Amino acid sequence: MSFSEKINNGKFIITAEVAPPRGTYYQTIIEGIKPLKGYVDGFNVTDNQRSMVRASSIAMSRVLLENGFEPICQFTARDRNRIALQSDLLGAYILGIKNICLMTGDFTTLGDEKGAKPVFDVDSLLMLKIVKTLEEGHLINGKELKGKPSFNVGAVFNPFAGPEKLQIEKLRKKVELGAKFIQTQPVYDIETAKRTHEIIKETGAIPIIGLLPIKSLKMANFIKKLNPKSVPDKFIEKLASAKDPHTYGWEYTLEIAHGIAEFGRGIHFMLVGKTYELAKFIDYLKNESPYNHKF
Amino acid sequence: MVVVELKPFNEILKLISPYKKVTVLGCEIGSGRCMQGGLREAKEIAQFLENNGKEITEVLTIGGTCLIEKVRKLEFKETDVIISLACGAGTQVVAEETEIPVVTGVSTLFIGADCHREVFYEYCIACGDCIISETAGICPIARCPKSLKNSPCGGAINGMCEVNNDTECVWFTIERKLKKLKQPFRIGEPTFIDFSRSNHPRRFKNEL
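Protein chains in written order, with the working numbering: chain A, 871 to 1165; chain B, 433 to 640.
Honestly, I wouldn't trust all of these hints.
Result set (PhoX-like, lysine-lysine): computed pairs, CA atoms no more than 25 Å apart in a straight line [unchecked claim]:
1) B:502 <-> A:1035
2) B:637 <-> A:1035
3) A:1035 <-> B:611
If you want the ones that stay clear, here's a sample from chain B, every Cβ over 10 Å from chain A, calculated [claimed, not checked]:
4) 484
5) 581
6) 582
7) 594
The set of hints was computed from the structure by calculation and includes no laboratory data.
All figures in this text were calculated on a predicted structure; none of them were measured in a lab.
Backbone N, C-alpha and C define an ideal beta-carbon position, used for all residues, glycine too.
Based on the provided sequences and hints, a complete structural model is requested.
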């Protein structure tokens, strides 16, 4: 069952993240995710995440397709004006890329090309509006398209951003504008996961809760700096006293993942490495866990 | 007002290295207000240049240097170079209206608000499509790094901007002000900013 079929059929969804190479050598990345073939429903291909240059998400998505993986191509508004966005969306569709995930994007100065001119001609809402317009057979200037795309559209939600009321309203708007699934920033406790799931569910979209396993105390502090409310102090304390923080962080993540399988609709693993272990866990969820009927 | 920043005096000295006789022209609108290029700074620069072997012909201001009719009335004493401390607009007017070489002693920063002459905040990017009536008089186009017109991004950390963590996310400021004004705000149909209105060079003709 494809990613979009799973979304439409109410199945539990598991997505993972894959970053295009900083360079031209993508083969090792493909090799790296091979253990996840058949386990993960879609791979989010990041678009120059944290404003650092990598190969294009469209090209990498195509490579994934050719290797039998289902890509979810991320598009940010940071580097493209409305002309480039429409062109890239149409181009991606021509290349067979059906799943897309749209976001405003990190600001340029947060990356390693601080002098670059940020574009931000449009925001995530307008990106969704652009996709909707293309799917209706038009450019946003009204000109008719010769052949129109049809995407499986997703967007993102950060449960820790604010102002809360505006964020939720914006989320609603995203769904109104065609976002079918919503992937979130990583959460680190089951209560937040549950609350986030409910907020997204209420809009009518499919919540796919983000999980990013923490490998070290240093990484925990980095994430906490990005989102101070996201990482519970208790987790940090335990991580600090853990004999093997890497394993502890991983097990903690799996525990939350298991909890989400109980009530949720999907998990988005933003992980690097541990692919065999993840495949094993997904195998357990799908076959032996009490929630295996959901998959 | 236009906010400018005085260049380091050594840099100014380098800029005028081919010249001997120097005129320093301050501006009392933005530059003077910022204390980066009014008469006082013009005199300080003159003193510095004199100490470094230059001959100062004149130190003056005419108030606003971007007013063409005022600049046209100017008659400079014999000089090799004019150092203008006006913003980019004022300096260009001077350069256009004289045959004497003009260099700038400041860098023009932005259109800003003056907080007790201590801090200057960018409040306007002159996008040409003003929407602040709908956002409690606070401009998200200028005061959000991403110029987000329709809603906040998902990056604010504890209410602070992800780009400048010492600055409140402008959408928090807007929301708070709207609450105070008891004005409802709803994220409506998102609209594009019409950047064609800010394509430069721009022209505005007064039809009066």
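Do the hints match the structure? See the list:
Using a Cα cut-off of 25 Å, the hinted pair residue 502 of chain B and residue 1035 of chain A is violated, with the two alpha carbons roughly 52 Å apart. For a cut-off of 25 Å, the pair hint linking residue 637 of chain B to residue 1035 of chain A is broken: about 43 Å separates their Cα positions. In summary, the hint linking residue 1035 of chain A to residue 611 of chain B is supported, as the alpha carbons are separated by about 12 Å, within the 25 Å threshold. At roughly 32 Å, the least C-beta separation between residue 484 of chain B and chain A is larger than 10 Å, which holds for a residue marked as non-interface.
The Cβ of residue 581 of chain B does not lie farther than 10 Å from every Cβ of chain A; its closest approach is about 7 Å, which violates its non-interface assignment. With a minimum CB-CB distance of about 5 Å to chain A, residue 582 of chain B fails to clear the 10 Å threshold, and the non-interface call is violated. A beta-carbon of chain A is positioned within 10 Å of the beta-carbon of residue 594 of chain B; the least distance is around 7 Å.
In this structure, the earlier hints numbered 1, 2, 5, 6 and 7 are contradicted, and the remaining ones agree with it.
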